[in-house]
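Trainee: Line by line, the protein sequences give chains A and B. Following our numbering, the numbering of the first sequence begins with -14 at its first residue and continues without gaps. Following our numbering, the numbering of the second sequence begins with -5 at its first residue and continues without gaps.
A couple of the hints might just be wrong.
Okay, the calculated beta carbon distance ranges per label pair [what the hints assert, rightly or not]:
{"#": "1", "chain 1": "B", "residue 1": "Ser112", "chain 2": "A", "residue 2": "Asn366", "range": "18 to 26 Å"}
{"#": "2", "chain 1": "B", "residue 1": "Glu58", "chain 2": "A", "residue 2": "Leu7", "range": "23 to 31 Å"}
{"#": "3", "chain 1": "A", "residue 1": "Phe(-8)", "chain 2": "B", "residue 2": "Gly63", "range": "35 to 43 Å"}
{"#": "4", "chain 1": "A", "residue 1": "Leu7", "chain 2": "B", "residue 2": "His198", "range": "41 to 49 Å"}
{"#": "5", "chain 1": "B", "residue 1": "Ser112", "chain 2": "A", "residue 2": "Arg390", "range": "48 to 56 Å"}
{"#": "6", "chain 1": "B", "residue 1": "Lys36", "chain 2": "A", "residue 2": "Ile399", "range": "17 to 25 Å"}
{"#": "7", "chain 1": "A", "residue 1": "Met371", "chain 2": "B", "residue 2": "Lys67", "range": "49 to 57 Å"}
{"#": "8", "chain 1": "A", "residue 1": "Val336", "chain 2": "B", "residue 2": "Gln139", "range": "33 to 41 Å"}
{"#": "9", "chain 1": "A", "residue 1": "Ile399", "chain 2": "B", "residue 2": "Glu13", "range": "13 to 21 Å"}
{"#": "10", "chain 1": "A", "residue 1": "Ala1", "chain 2": "B", "residue 2": "Lys67", "range": "36 to 44 Å"}
{"#": "11", "chain 1": "A", "residue 1": "Met299", "chain 2": "B", "residue 2": "Gln139", "range": "21 to 29 Å"}
{"#": "12", "chain 1": "A", "residue 1": "Met371", "chain 2": "B", "residue 2": "Asp62", "range": "48 to 56 Å"}
Heads up, simulated BS3-like pairs for lysine-lysine below, C-alpha to C-alpha not over 25 Å straight-line [stated by the list, open to error]:
{"#": "13", "chain 1": "A", "residue 1": "Lys(-4)", "chain 2": "B", "residue 2": "Lys69"}
{"#": "14", "chain 1": "A", "residue 1": "Lys313", "chain 2": "B", "residue 2": "Lys24"}
{"#": "15", "chain 1": "A", "residue 1": "Lys313", "chain 2": "A", "residue 2": "Lys394"}
{"#": "16", "chain 1": "B", "residue 1": "Lys110", "chain 2": "A", "residue 2": "Lys316"}
{"#": "17", "chain 1": "B", "residue 1": "Lys81", "chain 2": "A", "residue 2": "Lys313"}
{"#": "18", "chain 1": "B", "residue 1": "Lys135", "chain 2": "A", "residue 2": "Lys(-4)"}
{"#": "19", "chain 1": "B", "residue 1": "Lys135", "chain 2": "A", "residue 2": "Lys394"}
Everything labelled a hint here was simulated from the structure, so no lab data went into it. Only a predicted model underlies this, so the values are computations on that prediction, with no experimental measurement involved. C-beta atoms are modelled at their ideal positions from N, C-alpha and C, and glycine is treated no differently.
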Amino acid sequence: MKINLGFEIAKSLLLARWKQTLVAAIGVTFSITMFITLLGFMNGLNELLDGLILNRTPHIRLFNEIKPSLNQPVNFHSDTTKEYNFIHSIKPNGGRLSIYNAIPIMSKLKSDKNVLGISPKLSAQIFYNVGETDLNGVINGINVVDEQILFAFDTYVTEGNSNDLNIVPNSIILGKGAANKMLANIGDLIQVTTSKGERVKLKVIGFFQSGIQDIDKIQSYCSVETTQKLLGVTSNYITDIQIKLHDLTKAPELAKYYSKLFDVEAIDIQTANAQFETGSSIRTLISYAVGITLLIVAGFGIYNILNMMIYEKMDSIAILKATGFSGKDVKKIFITIALSIGIFGGFFGLVFGFGLTSVIDQIPFNTAALPTIKTYPVSYNPFYYMIGGIFSIATTYLAGLFPARKASKIDPVIIIRGK
Amino acid sequence: MIVPSLEAKLIQKEFHDPETIQVLKDINFKIDKGEFVSLTGKSGCGKSTLLYILSTMDTDYSGELFIDGISMKNKTENELARVRNEKIGFVFQFHYLLNEFSVLKNVMLPGLKLNKFSEQEIEHRAMEKLRILGIEKEALKLPNQLSGGQKQRVAIARSLINDPLILMGDEPTGNLDKKNSIVVFDIFKELAHSFKQTLLIVTHDQEFASNCDRIIEMEDGKIISA
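For reference, chain A alone in the conformation it holds in the complex (with noise of 0.2 Å):
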């Protein structure tokens, strides 16, 4: 049989029953709709999240832990196979915080393929003066152009401007919580205590709001050269190396690497953040597990419109086949009917669907928690729109593989006999 000819048999028949036919649709584009407007929402809100610590986490950081030494003197003394010490409350010696060799450290990571960039860090334990009350805070020293390219810093900067950490001597970019308490403005000095007791004043840049209030209360930003003048260190004390991979796969693989070769602890964002994969995963799942659904109920739909069609159309399916066209081609001529209804509803559904999820785009929406999010947050991922178009079709045609068999199996005699 002609395609053509089948095609043009399934239209007359769609068109005969145009009502029914346009509700079927309606239902796909309704659940594809739906579909997309779910997944790129909650792919949004994942997205969101996930960037709110991945963004800001390196896939591997460096970092010296201060801990009791594994092998202890006694170890050296005395035949572990035959003999047992017991010794308790070890604690560790004067160990120091800052990276040996931090310097080189970071010129061969710059050099290694793996690495998409580093980014050096300290930190130093201050209290935020604010008259007669100390307020427990923590300064991170960081270097501004790298955290920008990086750990994209700048978006969580909502007032000032970063870059004049290093044009600005001693200024730091003000938590904005801790900035709240002290009531300190821009262009204000503030006055903090290192942890050895010395009292440095500081002028405020700029306020960082990362979303998450408990850091915003404690944590400040300064160059990595102040912080050093505040800790009264050398340039070399660097106590993180932050490094971000092009790969993010890789990171537990090269931690253990990373710190085999340079003597350093090393952790991975997966370790580190373990959790977020999980929640991801979830929503994920269940954006699927609805919008299947949608579509199987849009499926029943089609499959009942067919019945009801082939009820209707059995004395034509009988000329046809008494005149000389198979079941195969009756066949054809319904899964066609099903298909049709299916790429068309699922054409429109998809269109609907990214209509419905850029005005979802446009609608303001404001959370003290996420300063840099002023309208819902939605995801525009062509992936969710494949999935859609192949489930839209896949679904329309198991609807309407059934009926099409039964009409397939028509007995023309029975049908003609019966007249």
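Starting from the known structure of chain A, arrange chain B on it as the hints suggest.
Mentor: What follows is chain B alone, placed relative to chain A:
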């Protein structure tokens, strides 16, 4: 040797539901090319059952059926559909036209399915058939705008579109009034005589049957006179 259009050899058929009844017993006959044959008998004698076996639509029988000298045994459903399309024209008691298509398109459908000629050629041939049957003016109407007699003539045109080897009719005048019955009969007669069309018409209308070239008479599943 001239191959007969249709040959039945020892065809038997049984219905099994609710109990086994033999409806056709040892049916043997031939129809040669150009013959105008009527198959008559009382209601329930098995003449329609036989016709559906001969038309290849019913495959549940024993014995052998030859169409154009080719055995229809062991043919797949697809192959039988092809035989029906190419070699058999069928006219039923009811017209069975597709209401979604115009008269012309209804006539063209089996031709388009056969796909032997181009669409223009098939359209031209369909118009030709409609003209022979005197309804070319109705070509672009929908079937439900036509009278009963006109519809049946369209159905005949449809059965002729692929120039079938044999035209079969199952009580083609059963639903028509006297006047239209005569018109349809005259058409069959003209087809048989002017166009040498082979015809096998099932009817219980004795007057219709007696005007045919040959009468096959059945009773209780057997042929009593051929």
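Trainee: So, for every hint listed, does it hold in this structure?
Mentor: Results of checking the hints against the structure:
1. B:Ser112 - A:Asn366: 18 to 26 Å: violated, 48 Å
2. B:Glu58 - A:Leu7: 23 to 31 Å: violated, 51 Å
3. A:Phe(-8) - B:Gly63: 35 to 43 Å: holds, 37 Å
4. A:Leu7 - B:His198: 41 to 49 Å: With a Cβ separation near 47 Å, A:Leu7 and B:His198 satisfy 41 to 49 Å, so the hint holds.
5. B:Ser112 - A:Arg390: 48 to 56 Å: Given about 33 Å between the Cβ atoms, the range is violated.
6. B:Lys36 - A:Ile399: 17 to 25 Å: holds, 22 Å
7. A:Met371 - B:Lys67: 49 to 57 Å: The hint (49 to 57 Å, Cβ to Cβ) holds, given that A:Met371 and B:Lys67 are roughly 50 Å apart.
8. A:Val336 - B:Gln139: 33 to 41 Å: Holds, at about 39 Å.
9. A:Ile399 - B:Glu13: 13 to 21 Å: holds, 19 Å
10. A:Ala1 - B:Lys67: 36 to 44 Å: Distance hint for A:Ala1, B:Lys67 holds at roughly 38 Å.
11. A:Met299 - B:Gln139: 21 to 29 Å: For A:Met299 and B:Gln139 the Cβ distance comes to about 23 Å; the hint holds.
12. A:Met371 - B:Asp62: 48 to 56 Å: holds, 53 Å
13. A:Lys(-4) - B:Lys69: Violated - the C-alpha atoms of B:Lys69 and A:Lys(-4) are around 31 Å apart, more than 25 Å.
14. A:Lys313 - B:Lys24: Violated. A:Lys313 to B:Lys24 sits at ~32 Å, over the 25 Å cutoff.
15. A:Lys313 - A:Lys394: holds, 9 Å
16. B:Lys110 - A:Lys316: holds, 22 Å
17. B:Lys81 - A:Lys313: holds, 20 Å
18. B:Lys135 - A:Lys(-4): Judged against 25 Å, a Cα distance of about 19 Å means the pair holds.
19. B:Lys135 - A:Lys394: Measuring from Cα to Cα gives roughly 31 Å; hence the hint is violated.
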